[in-house]
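Undergrad: Chains as they are written, first to last, in our numbering: chain A, 1 to 306; chain B, 1 to 284; chain F, 1 to 323.
If you are wondering where the hints come from, they were derived from the structure by calculation, not from laboratory data. Everything numeric in this text was worked out from a predicted model, so none of it was measured. Each hint should be verified, as a subset may be incorrect.
[Claimed, not checked] Stretch by stretch, here's where chain F covers chain B in the computed footprint (C-beta under 8 Å, at least three residues): (1) 100-113; (2) 208-220; (3) 269-280.
[What the hints assert, rightly or not] Sample of chain F residues with no beta-carbon within 12 Å of chain B, all distances over it, derived: (4) Ile20; (5) Gly24; (6) Thr33; (7) Ser62; (8) Leu65; (9) Ala88; (10) Arg145; (11) Gln169; (12) Pro183; (13) Asp218; (14) Lys275; (15) Glu281; (16) Asp286.
[Said to hold, decoys possible] Derived CB-CB ranges, DEER-like: (17) Arg69(F) with Leu152(B): 46 to 56 Å; (18) Leu223(A) with Leu68(F): 48 to 58 Å; (19) Tyr8(B) with Asp266(A): 38 to 48 Å; (20) Phe135(F) with Phe44(B): 33 to 43 Å.
No residue lacks a Cβ here, since even glycine has one placed at the ideal position from N, Cα and C.
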Amino acid sequence: MAAGIQFDDVSKFYGEVLGVNHVSLDIPSGITSLVGPNGAGKSTLMNLLAGLIQPTRGRIQVMGVASDDPERLFRVVGYSPQYDSFPRGMRAGELLRAHLRLAGETENIAPRVTAALEQVGLAAAAGRKLAAFSKGMRQRMRLALALLHDPQVLILDEPLNGLDPLARAESIALFRAFAAQGRYLILSSHILHDVDAISDQLILLSNGCVVAEGAIQGVRAELPDRPLQVRIRSPRARELAATAFQLPGVIEASLDARGVLITTRDPHAFYLALNQWAAAGLPIEAVQPADDNAQAIYGYLVEGAR
Amino acid sequence: MAVHPQIYRPYQGPLSGGWRRVAVVHHYARRRMFDSRVLTALFFICLLVPFVQLVMVYLSHNLSFLSQAGGLKALTVDNAFFQDYLHYSCVVAFIFVAFAAPGLVAPDLAHGGLSIILARPLTRWQYIAGKFSVLAILLSLLTWVPAEIVFLVQYNLATPDWRAHYYWIAGSLLLASALWIVVLSLLALAVSAWVKWRIVAAGALLGIYFLGSGFAAAADAALQNNVGDLFSLMQLHLIAWSGFFDTPPTAPGLTPVAWLILLALAGGSLALLYRRIRGMQVVR
Amino acid sequence: MPSLATHNAPAEASATSPVISLTGLVVRYGHRTALDQLTATLSGRAIGLLGPNGAGKSTLISALLGFLRPTAGTARLLGLDLGRDDQAIRSRIGYMPENDAFVAKMNAVTLTRMMGELSGLPPAVALERAHECLFYVGLGEARYRPLGTYSQGMRQMAKLAQAIVHGPQLLILDEPTNSLDPPGRERMLRLIREIRDRGDIRIILCSHLLRDVEEICDEVLILKQGRAVHHGTLGGEAAPGPRLLELELGGEPGDFAAALQSRGCELACGARRWKAILPPEMELRDVYQLAAERSLELRRVQFRRDTLEDIFLRAMDDESAGA
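Could you build the full structure based on these sequences and the hints that come with them?
TA: This is the structure:
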């Protein structure tokens, strides 16, 4: 298949030091978040994807292009690293033009540069020296550089780091638009709340191995030995807790400042029962899953997180 | 059984006064300086000069021993002797400063340490005073303190006539050393504040000194006068010291200029230093 | 016409004394005005300081710490006047900067005790407290190693330790969760919450992560171009929006959407999350009835209320609309 991103039993070692170990992935289009503690292998994985390093073992295919074919790979992939070092004395527009030329493009350079700058909201700063850019502007500049050659695959390392809330919202909108075109966006983040809100898929790395991958809800469902936790706010919390506890499958119903926390082995039965109780008149203010999110999964699966 | 949870405890005890902070800056700067074995060794090597001078003074009062050893001419211990002695001490002290000073301010600047140091109840002047005091005390130990000891030994061994004639040298030693200490400490601190790498800073200081001297000598030879002396740190001081020690000035008429240059150096260094010591990182 | 400072001070503000009072504070760098007639009284337990880059947050913090002298205006912190009692103010403030802040080749213990002594603690007490605070933030054996060898997370913790070592009354935290991985973020936020809940230390939290600010702060000041564009309280008391319901479903929706619409709801259906505006005569109970009839799981049910992000984006818009 000449589409998609596949990792086929990939390992990467730096001498003795572990990068990633036995990674097999099939990444679909949309927004995929890469999550894991520092040193888990996120940067290694991204560098492998971007073709900047070669695996010690295994194969990587990106949109049908093997990762050891830089000529074609670099056209398909756009990469925004976590740190930058821009050439001295250059201005924003200059650098983008230079990059396009380096990629062998000769036509339409100026409009493409302007378009890239506009996409990230740096159009007004085109003529300014990069050395004078603030942290947030540098972040957006890296994004512009990655988007410049219109890649099918975007790889972003901590793309929201240092951005103020406005810029974050704009970047997220940009990511969503990009993914909506059927393209592939892989980003790494430590802010699990963001991961929940914007990603379609999650890849959780720990100690160089993939410990979980897929849509977040789907991942959660594959942890059956962990009972589901649901938090419910209700003015008649005690009654709700008592009633819930009667239900087979519910192993714990506790009360705290934020409401009732139900732990159950049989979520389906619980939700249906809740429907009945609520329809019969039990007042409910809010229901939310307490652990069906990236934060909880991280805690369960990553060693040493708890 | 009692369980004691580890929680944060507030502090309600007494707080020390403002100028105690200067001592804190001093203490940690000095401790850091002598963490380096090289610097400690260098410091003690620099103390050899006064030791040699002490021996010479002692010997000068025991001429018989000298004539027995043969060939060593008698030493006249007078104001010129002490000026020369201080000259050598100060050169040696300068070498010490060149290697010791760069580690004073640069480490605080390198990783943003100043932003938390100056967030303390500490003024910039107190910070500078703390760092300066380290150099001042160490340089004193290398210059006028041993010089005064040598002078005391001499005073004890000398005739009442000599004492009446030269008692004022004690004061001159102190003043001359103070001038040297102030100018050089401020210069070294300013270099430490503006130059990141210690080797480069040491090189810069040594360069200012030795290149200046070299240029001065060359200029003097070329121009056949003494104006070139104004480029040499040591010569500038010697010109100023001629007033303290009542010795004939090497370059008559240049004395006020020399003083001006020295004061400008001190003031300029202090201003540069003050500018660099800021809590706020400048955002462009 | 932009609103400069909307005060939603609730009744409980009178119970807590003001931490900071700013009156017409102006800071100018040459031609650029970084703070423009800033006037606000902050009295929350934990105050969020927000704004886009260049809005003046760093300038305000530098001014409060006495790093720069305001061009005009006055400020009072903890009952002391800025400009007159600077040293006294600083002895009561703990500052955790955004960027790296340590002395080269120094280890955490030496740095923390030196900071303690510089704040006026006697040397023996400073050493004890340094160890206590380093333990509190979770730096174990690593405290004897030079800070230059620390990971980012550990450096953040060391910065927090030196900020609390002298027992300040006001803690200024600038992007405290910067570069921390998820467990590190959790730990840092937990520590900040604990410190806030003590009651004797006020916190100013400066962060771009609105979620963190929402979780921790009870009052928020939003700056833009040197002016306050929003100043109000945060908390559960914020009135829920009129009948806007967020749902997350499990199972096949079937004709659930049609059923809701036939009852008069307006619906916006995403892949997983639905938004519904309930008509006045409809209750949540009725929604549950419809779900029960179809054996649908309602995994998430929430009335939408203004998040801090909404407030922030609105504040930014207001300004540009009126400007």
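Undergrad: Hint by hint, which ones does the structure fall short of?
TA: 2, 7, 8, 9 and 11
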